[in-house]
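A.B. asks: Take the sequences, apply the hints, and build the full model.
Quick note, the sequences are listed as chains Y and P, same order. In my numbering, each number is its position in the first sequence, counted from 1, plus 874. In my numbering, each number is its position in the second sequence, counted from 1, plus 220.
Where hints are given, some of them may not hold.
Residues on chain Y that point at chain P, a partial pick, calculated with CB under 10 Å [what the hints assert, rightly or not]:
(1) 917
(2) 933
(3) 936
(4) 938
(5) 939
(6) 984
Beyond 10 Å from chain Y on every Cβ pair, some chain P residues (computed) [claimed, not checked]:
(7) 237
(8) 267
(9) 270
(10) 299
(11) 367
(12) 369
(13) 426
(14) 452
(15) 461
(16) 514
Please keep in mind that the hints were generated in silico from the structure rather than gathered at the bench. Keep in mind that this is a model prediction, so the values were computed, not measured. Backbone N, C-alpha and C fix where the C-beta goes; we use that ideal spot for every residue, glycine too.
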Amino acid sequence: MSASALKSPRSAHELRRIITSQIGWALCGIGLLLVIAPLLDIVGVVAWRGLSAFSWHLFTENTTGPNGGLLNAIEGTLLITLFAMLIAIPLGVGAGIHLSEYGKNRLGSVIRFMSDTLTGTPSIVLGYFSYIVMIIGFGWGFSLIAAAITLAILIVPYLARITELSLQQVPNTMREAAYALGAKDSTVVFKVVLPAAASGVITGALLALAISVGETAPLIYTAGWSNYGWSGHFTHSPVGYLTYVIWTFIDQPDAKSHALAFAAAFLVMMVVLAINIGVRLTVRRTKFN
Amino acid sequence: MKLRPFRLAVLGLSLLIPAALCAVVLFLVIYSGQAIFFNGLHFLTQISWNLGDMYSDPVTVRGVQVPSGANYGILVFIVGTLASSAIAILIAVPLAMGAAIFLAEVVSPKIRPILSMLVELIAVVPSVVFGLWGIAVLVPLIGHYLAPNGSGYGLLAASIVLALMITPIIASTLLDALLQVPRENRESAFALGATHFEVVTKAMMPMVRTTLIGGIVLALGRALGETMAVLMVSGGGLNILPTSLFSPISTIASFVAGQLDSAQTDSTNMSVRALSEIALVLFFITLGVNACAKLLSTGALRVRKRA
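C.D. replies: This is how it looks when you write it as structure tokens:
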């Protein structure tokens, strides 16, 4: 058969198939556009309106109202995140070590399942749990420590699974070599396995940091709100935080409040996106999900 | 057996996770005990949520102190949650499928990581920022062009924001699965004379169907529990079932988040207990959905190994 014989005119059926395919590709392309366009719009709108609201007094004045700054909210978010990470990192990494090194059994899979369940629990449920236990039950009132513990409950299972994943990528021969030299369990983990998997664990901690900076729902019932900077008390003293400014100030009628909400959103979004983009660019090949 | 302190220590740390989960369930159950007793099954079937008169003396009903006239029914919130999540899924699934197929088959491997990173980044934008965007951009759009009463807040706005938030979950699950389809399957479909698009729809999609469904269920779990974005754009409907796409609604999660003030003013604490019962309902709904997703994803793994 020569090449020209293959070029016979297309039948109606064939034509319909080709046209269907073209339409299909076009629809898929539109789908991708519709997924990415809102992200660009969100970043664009928040950056534009957030940046136009920027001035030095955002960082020097407390959030007393529409005319205030964001100082205490920024401070509150930093403190809540800091203490949440201080609580969560030892627990999460420790749990991850157990799951990866000694968790290849029934108990390990039960813990894994419960951990995934806790990750899937809506954050407002965790916030409400903390409200009835810590705020009402322990009588702590809205406080820094209740907020930090709530966020820690949220991110510990996440950290544990990421730690487990990255420790799993360390080849077994390294563990065997260390044990053969007479190393103890703790030496093997801290001197051999953890250093080899450090980049993965740090990545997990950074992503957890991004989550805690952006969370709102678990803080409503635990941190409360304060117009002033941190009093230095861990209990009985509510703290402000940036995401609170976003969702309450946008409901106010005046433009100045809206500007503050957008400025706060800009700060939060920049931190979250910078961490996530940075992590994805440095650890291209590894997927943590 | 030799005692190994280090192993015991990390075991103790990892047991804290199940302990936390059990504590959440246990304390929600204990705290909502009186409310469960007072509300009975009407809790799930009644429309009216009424905190009662907080300033008059509380009355005692069935041995429980409640504000007079108090009645707690959450049917409105259950309907709001299911409706907004269902519509969000209806919007998100076609978009995510289109995006994933386009990324897997059309986009060159060089720029695929950039575009798929953009899609994944949508999932990390804090939900309160989505809500802010909803109020600033989406709600005015809906109010101006679509809504008959001119208010953009309501079921449609909530569903669209939810759809945006869950699309990346479905899309990245599907993209991963599509990229793992063996070369042979694609090539044999091509050899039968299928067009490229037919290869995707008739040879590849059936292979990844289970994974896709698992991703959709996972996304559903996220949508059901989503709080802030919905709270900000849903219009906060109360005591009335939604009748159209533009009706104000509340979801279970957004309602709990918005009720802090009433929880603090009730001297009998009954509303706090009822809210705790709602949180418990939400917990079990998401638990069920996530367990389904888990079952589906392990099932998908088995199918792929056999293929």
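A.B. asks: Could you work out which earlier hints the structure fails to respect and list their numbers in ascending sequence?
C.D. replies: 2, 3, 4, 5, 7, 14 and 16
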